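*Asks:* Residue numbers (the numbering used here): 10 to 501.
A portion of the hints provided could be inaccurate.
As the list claims (entries may be wrong) - Pairwise CB distance ranges, derived in the manner of DEER restraints: (1) E416 with P348: 41 to 51 Å; (2) T118 with H355: 35 to 45 Å; (3) S482 with G76: 30 to 40 Å; (4) T378 with H167: 47 to 57 Å; (5) G198 with P102: 49 to 59 Å; (6) R144 with H167: 55 to 65 Å.
Because the hints were derived from the structure by calculation, they are not lab data.
No experiment lies behind these values; they were computed from the predicted model shown.
C-beta: ideal position from N, C-alpha, C; glycine also.
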Amino acid sequence: MSDSTYVSIDQNCHPLWDTIPKLAALARHGWQGVHCVEDIDVAFSRQGARPGESGLALLTERYYRGGHSDWGAALFAHDFLGRLPVDIRVLEPYTGRTTAALARLLETTIDALYERWSPSDNWQLVGSSYADDPRWHRLIGDVSLAEAGPHLMTLFRHAREDLLERFPEAAVQARLGSWFDAQESFAAGRIAAAPSAPLSELYRSWLQDALGGACRLALTSERFGLARLAGGDPLLRLFLERYDDAGAAYNQALRESGVGMSPLRLSEGELPFFVTCRRDGRLVRAAAALQDGALVAGDRRWALAGGALPVEAMERDGVVALAGKALLLVLQARLGAEPAALALPHQGSLYMPAAHAFERLLRAGGLLTAPVQPVLRVRFRFFEHWRGLATRVRLPPYLAHSLGLAEGSADSVAEAISAGIAAARRDLESLRQPAGREAFWRERTGALAAERDGLEGERRRLAADPQRRAEASLLWQRIKDIDRRQAEEQAE
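Please work from the sequences and hints to get the whole structure.
*Replies:* Next up, the structure:
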C-alpha cells in the first residue's frame, strides 16, 4: 500500500487529541500523505460576545436554551472517559415531555435545566469570534501563542491531574508524569521563544517532533490557497458557472440527510465558501456570496472576469484562501489538482451523509463527472486494546454510578463499558414508548410507583363522588409531587 496517498485535516493538533495516533496508524499501515494543520476555521465563539472583545476563557463545553453553544476549535481537550455536552431538547423523545413541561414538573426553569445537565467534561478555549467588523471572524491562525499559551498550559496541567486520578498505580503515574513534563517543556519553550507566532505553528512543530517524517505537514490555508483553487477546483467552478443548479443540489442534500446545517440562501446568492483574508494584520474570514456578477465577502467585492475569479485583485486585497464549508470541504479535499483519500477518525465528521448525498445529486444531474477519492476511516479500537490488561483504572463518578464499578482492571472496565453501552441503548429504545417509560420507572422507583398507584386509585374514587371532588384535587397535587420526585431520581 506504499503508493496510497491521503490528506488529513485537523484542528487542535496537540498531543492530548487524536491527531498524532491517527497519523501514526496511517504510516504504520503503509499510507503516505499530507496532514493539514487547520488554521482557517473560526477559532472560537462565546454566547453574548461582541465585536472587539479580546478576553479568552477555558470553559467546559455546554449547550444553552435553544440548542446554542460556545465554540472552541483552536484549543480543547476531553477529560478521560468524560461526559459529552447534552442539548436538553434531545431528551424529549425519552421523557415523553417537552423541555418546558419537564422544567415545570421539576419546578425549575429551562435555563436551570441546561445549567445543571448540559455541561460536559470537554474543556475548550472560548471568546468572541468577531474581529472589529462583525462580518469578519477570527481564525485559528490568528490566535497567537501569547494569547493561547497560558490557557494551553492550564489545559495540560488539568489533564495531568485528571489522568493521575484515573490511573492510581505508582508505575503508571510515573510514566504519566514524565510524559507531561516533556510535553509541557516543549510547549513552554516555543511559547517563550516566539510569543507572537500563531498557535497553528506550535501545532505543526509539535506534530513534526512527534512524527518525524511519517507524513508531510502543511496548513489548510496552503492546501486551499486562492491561486491553487482558482485554477483547478471543480466545485468552485461549478458554483460560479451554474449557481442555481449547484445551490439547489446542495440544499436538497441537506434536506435529505438531516444533518442540521443551514441551507444556502439562494435568493441572496450565498455560496458554500469562506473567503480567508489578512485584514489589518489579522487572519479572518467571511461568508462568500455571488451577487450581480461579483464575489462578495464582508465589505469586499470583486467583479468576476468572464466568470472567473480575479485572483490578482483578490490577492492585493489580502485574500489568502477560499475553502468550502464543512460539507463542501470533504469533497474539495478529494477532488481537484491533487486528489487524495480523506483520512478521518472512525466516528469523525457528522457532515459525511450530506456530502455523500450532494455528490450523488451532482452526478445524477450531470454536474460532476470527475472521480472522487474515497474517505479513509481510522479506527483506534480503544477499548478492544484494553482486553487482557491488568492496569488499574478509576472511573469518573458519573460513570462509576452508571456502571456500578468505581475501579477495576482495564480489562474489567472495558467489559463493563461495553455492557453498559448495550444496556443504555436498550433502555433508550424502550423509553421512546409510553409503556417502556412506565416499565423503566417502575423498575427503578418501585416504592414511589406503588405509592402513586394507591393515590391514583383513591383520587379516582373521590372524583367519582361530586361532593368529594375537592379532596380529589388535593390528591392530584400529591401525585404530581411523586412525578417530580420520580423524574429527579431518574435524572440522578
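*Asks:* Each hint should be assessed against the structure and marked as holding or not.
*Replies:* Here is how each hint holds up against the structure:
no. : hint                       : verdict
1   : E416 with P348: 41 to 51 Å : 49 Å, holds
2   : T118 with H355: 35 to 45 Å : 39 Å, holds
3   : S482 with G76: 30 to 40 Å  : 37 Å, holds
4   : T378 with H167: 47 to 57 Å : 51 Å, holds
5   : G198 with P102: 49 to 59 Å : 51 Å, holds
6   : R144 with H167: 55 to 65 Å : 35 Å, violated
The earlier numbered hint that this structure contradicts is number 6, and it is the only one.
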